[in-house]
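Enquirer: Whole structure, please, built from the sequences with the hints as guidance.
2 protein chains.
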Amino acid sequence: MAYLNEIGIVGSGNVAFHLIKAIQDSSTLHLKGLYTRNKKVGNELQEQFSVTFYTDLNELACNSKLIIIAVADDAIETIAQQINATNQHLIVHTSGSVPISVLKKSALFYGSFYPLQTFTKEREADFNQIPILIHANDENKKEVLIQIANELSSIVREINDEERKKLHLAAVMVNNFTNHIYTLANSFTDKSIVDFELLKPLIQETALKIKTVRPDECQTGPAKRNDQGTIQEHLAMLTNEELKELYLWFTDSIRKYYE
Amino acid sequence: MAYLNEIGIVGSGNVAFHLIKAIQDSSTLHLKGLYTRNKKVGNELQEQFSVTFYTDLNELACNSKLIIIAVADDAIETIAQQINATNQHLIVHTSGSVPISVLKKSALFYGSFYPLQTFTKEREADFNQIPILIHANDENKKEVLIQIANELSSIVREINDEERKKLHLAAVMVNNFTNHIYTLANSFTDKSIVDFELLKPLIQETALKIKTVRPDECQTGPAKRNDQGTIQEHLAMLTNEELKELYLWFTDSIRKYYE
Chain A
1 MAYLNEIGIV GSGNVAFHLI KAIQDSSTLH LKGLYTRNKK VGNELQEQFS
51 VTFYTDLNEL ACNSKLIIIA VADDAIETIA QQINATNQHL IVHTSGSVPI
101 SVLKKSALFY GSFYPLQTFT KEREADFNQI PILIHANDEN KKEVLIQIAN
151 ELSSIVREIN DEERKKLHLA AVMVNNFTNH IYTLANSFTD KSIVDFELLK
201 PLIQETALKI KTVRPDECQT GPAKRNDQGT IQEHLAMLTN EELKELYLWF
251 TDSIRKYYE
Chain B
1 MAYLNEIGIV GSGNVAFHLI KAIQDSSTLH LKGLYTRNKK VGNELQEQFS
51 VTFYTDLNEL ACNSKLIIIA VADDAIETIA QQINATNQHL IVHTSGSVPI
101 SVLKKSALFY GSFYPLQTFT KEREADFNQI PILIHANDEN KKEVLIQIAN
151 ELSSIVREIN DEERKKLHLA AVMVNNFTNH IYTLANSFTD KSIVDFELLK
201 PLIQETALKI KTVRPDECQT GPAKRNDQGT IQEHLAMLTN EELKELYLWF
251 TDSIRKYYE
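From first to last, the protein sequence lines are chains A and B. Letter by letter, the first sequence follows residues 1 to 259 in our numbering. Letter by letter, the second sequence follows residues 1 to 259 in our numbering.
Do not take every clue at face value.
No copy labels: a pair is met if it fits in one copy or bridges any two.
Dumping the calculated PhoX-like pairs for lysine-lysine here, alpha-carbon to alpha-carbon at most 25 Å [claimed, not checked]: (1) Lys21 x Lys209; (2) Lys224 x Lys105; (3) Lys191 x Lys209; (4) Lys21 x Lys32; (5) Lys256 x Lys191; (6) Lys256 x Lys244; (7) Lys21 x Lys244; (8) Lys142 x Lys39; (9) Lys211 x Lys200; (10) Lys200 x Lys32; (11) Lys244 x Lys121; (12) Lys21 x Lys39; (13) Lys21 x Lys211; (14) Lys200 x Lys121; (15) Lys121 x Lys142; (16) Lys224 x Lys141.
No wet-lab data here; the hints were simulated from the structure.
Expert: If you want it as structure tokens, here you go:
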């Protein structure tokens with residue numbers, strides 16, 4: 001049971017924050033401590049979650065058996081190589097797009113522990129509903145990670161580097177691109193002096209709908225109907241070239257998809 | 001109080017369905033009946049909601065004072081002109097993009113009653129949270145419509161043709177375009193043999209987040225960070241030209257927005 005009881009977290013960003021919180025809320029998992037270069041945030045997390053903040057990475061490593069590296073993608077390899085790991089250590093990262101092999105030089109056992117969600121400190125994360133995607137270079141250690149993930153979430157899957165990378169790409173589409181559509185629509189409503197608030201129930205319902213209906217089965221609107229009257233009126237209202245491009249691209253893509 | 005008690009609905013699509021349901025659920029509004037050319041659906045609605053189904057449009061008109069036309073945009077004017085309206089009648093449509101003037105030849109009093117939401121028969125609509133946008137050619141009648149809308153929803157606004165059209169365009173972006181991103185991501189995950197289900201919690205959270213945070217304040221991802229390593233890896237995974245275009249367009253637009 002050592003891995004479950006001796007978890008160390010490296011990092012202090014949004015993923016680290018919510019992982020610390022979820023582990024501290026769990027009755028079966030135990031956090032040994034946290035390491036981050038950001039002393040101010042380290043001290044804040046120590047206070048907020050009663051977790052030991054180590055200012056020395058290898059002090060954290062000495063006290064932990066599972067080390068979860070929750071830092072920016074391009075910092076994972078470097079920080080992992082600073083850990084003096086023993087053959088007992090299991091080191092994982094939380095990235096969607098980095099292969100686990102970047103941890104090869106740092107430990108005998110390594111893997112990934114990827115929570116597929118967008119985290120912000122201001123919003124509660126219901127970890128139980130967040131898919132945790134597991135991969136490891138060793139079967140036994142993979143089972144350990146799955147066991148730990150099961151303590152945090154009801155959606156746990158084993159997924160290799162390639163599949164995780166593909167899911168991460170799809171996540172960029174449904175999260176980053178969708179959010180950018182909200183941003184562009186918000187710019188348009190602000191400029192048109194109509195209230196973006198009025199669109200929020202629609203935005204919620206658009207996302208909720210696909211819980212039970214395939215997205216291509218609930219598509220509606222002028223592009224799907226190829227309603228040229230409305231399409232031309234909309235284009236005439238769009239004075240911003242970028243929005244016009246967006247409108248034309250989606251109208252064309254939707255029309256082609258359904259014809 | 002006659003308008004509140006003598007409502008007739010024309011149409012049998014998703015908007016008509018949910019309006020009938022909401023009015024029948026209300027204790028203060030009363031539905032006199034329904035007209036639709038689709039006899040099968042008319043009979044079904046009569047049975048399901050205990051509403052009188054008229055097969056003759058002018059029989060419905062004789063028994064109603066407020067006639068709500070909830071049909072496809074391009075059918076509104078034609079059907080309205082088939083109504084032998086008196087000077088007591090108030091005729092409104094439920095369209096986001098059609099000006100109220102298409103009803104000018106059909107009645108002395110006319111307007112719009114636009115519920116800004118995407119409706120499907122399979123999903124419950126919480127009308128209380130759906131913005132209803134009101135416009136009319138007469139001040140007193142506008143007040144009547146606002147009073148009726150207030151019985152159905154807690155979000156009621158007066159909005160003219162131009163503003164309604166702009167909101168409808170923004171609605172097309174956040175609903176149709178967003179839903180098409182879900183569709184394209186779903187095609188990609190299906191083709192990659194990874195499970196689209198795993199993205200659903202992320203899709204929900206992306207929409208929920210903007211209830212409290214401005215969308216441009218919660219943007220994350222490789223495009224915003226201008227993380228060229230991840231961007232190039234993603235592009236290499238996209239063999240479909242359309243998805244590649246989508247990815248490049250959003251990556252460029254996000255980068256420009258935040259630089």
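Enquirer: Does each hint fit the structure? Answer for all of them.
Expert: Taking the hints in turn, this is what the structure says about them:
1. In this assembly of identical chains, Lys21 and Lys209 lie within 25 Å of each other by CA distance solely across copies; the values are 19 Å between and 30 Å within a copy.
2. Taking CA atoms no more than 25 Å apart as the test, Lys224 paired with Lys105 passes in neither setting, with 52 Å inside one copy and 30 Å between copies.
3. For the homomeric pair Lys191 and Lys209, the shortest alpha-carbon distance between copies (22 Å) is at most 25 Å, but the shortest distance inside one copy (29 Å) is not.
4. In this homomeric assembly, Lys21 and Lys32 come within 25 Å of each other (Cα to Cα) only inside a single copy, at 13 Å, whereas the closest approach across copies is 56 Å.
5. Taking the shortest alpha-carbon separations for Lys256 and Lys191, only the inter-copy value of 18 Å comes in at or below 25 Å, while the best intra-copy value is 31 Å.
6. Taking the closest pair of Cα atoms, Lys256 and Lys244 come within 25 Å of each other both inside a single copy (18 Å) and across two copies (16 Å).
7. Proximity of Lys21 to Lys244 under the C-alpha cut-off of 25 Å is found in neither arrangement, the shortest distances being 43 Å within a copy and 37 Å between copies.
8. Proximity of Lys142 and Lys39 under a CA criterion of 25 Å is satisfied in neither setting, with 32 Å inside one chain copy and 60 Å between copies.
9. Proximity of Lys211 and Lys200 under a CA criterion of 25 Å is satisfied in both settings, with 18 Å inside one chain copy and 7 Å between copies.
10. For the identical chains of this complex, Lys200 and Lys32 are neighbours neither inside a copy (42 Å) nor across copies (32 Å), given an alpha-carbon limit of 25 Å.
11. Taking the shortest alpha-carbon separations for Lys244 and Lys121, neither the intra-copy value of 35 Å nor the inter-copy value of 32 Å comes in at or below 25 Å.
12. For the identical chains of this complex, Lys21 and Lys39 are intra-copy neighbours only, at 18 Å inside a copy versus 58 Å across copies, given an alpha-carbon limit of 25 Å.
13. Proximity of Lys21 and Lys211 under a CA criterion of 25 Å is satisfied inter-copy only: 23 Å between copies versus 27 Å inside one chain copy.
14. For the homomeric pair Lys200 and Lys121, the shortest alpha-carbon distances inside one copy (21 Å) and between copies (21 Å) are both at most 25 Å.
15. For the identical chains of this complex, Lys121 and Lys142 are neighbours neither inside a copy (29 Å) nor across copies (44 Å), given an alpha-carbon limit of 25 Å.
16. In this assembly of identical chains, the alpha carbons of Lys224 and Lys141 never lie at most 25 Å apart, being 49 Å within a copy and 35 Å across copies at closest.
In this structure, the hints that do not hold are numbers 2, 7, 8, 10, 11, 15 and 16, in rising order.
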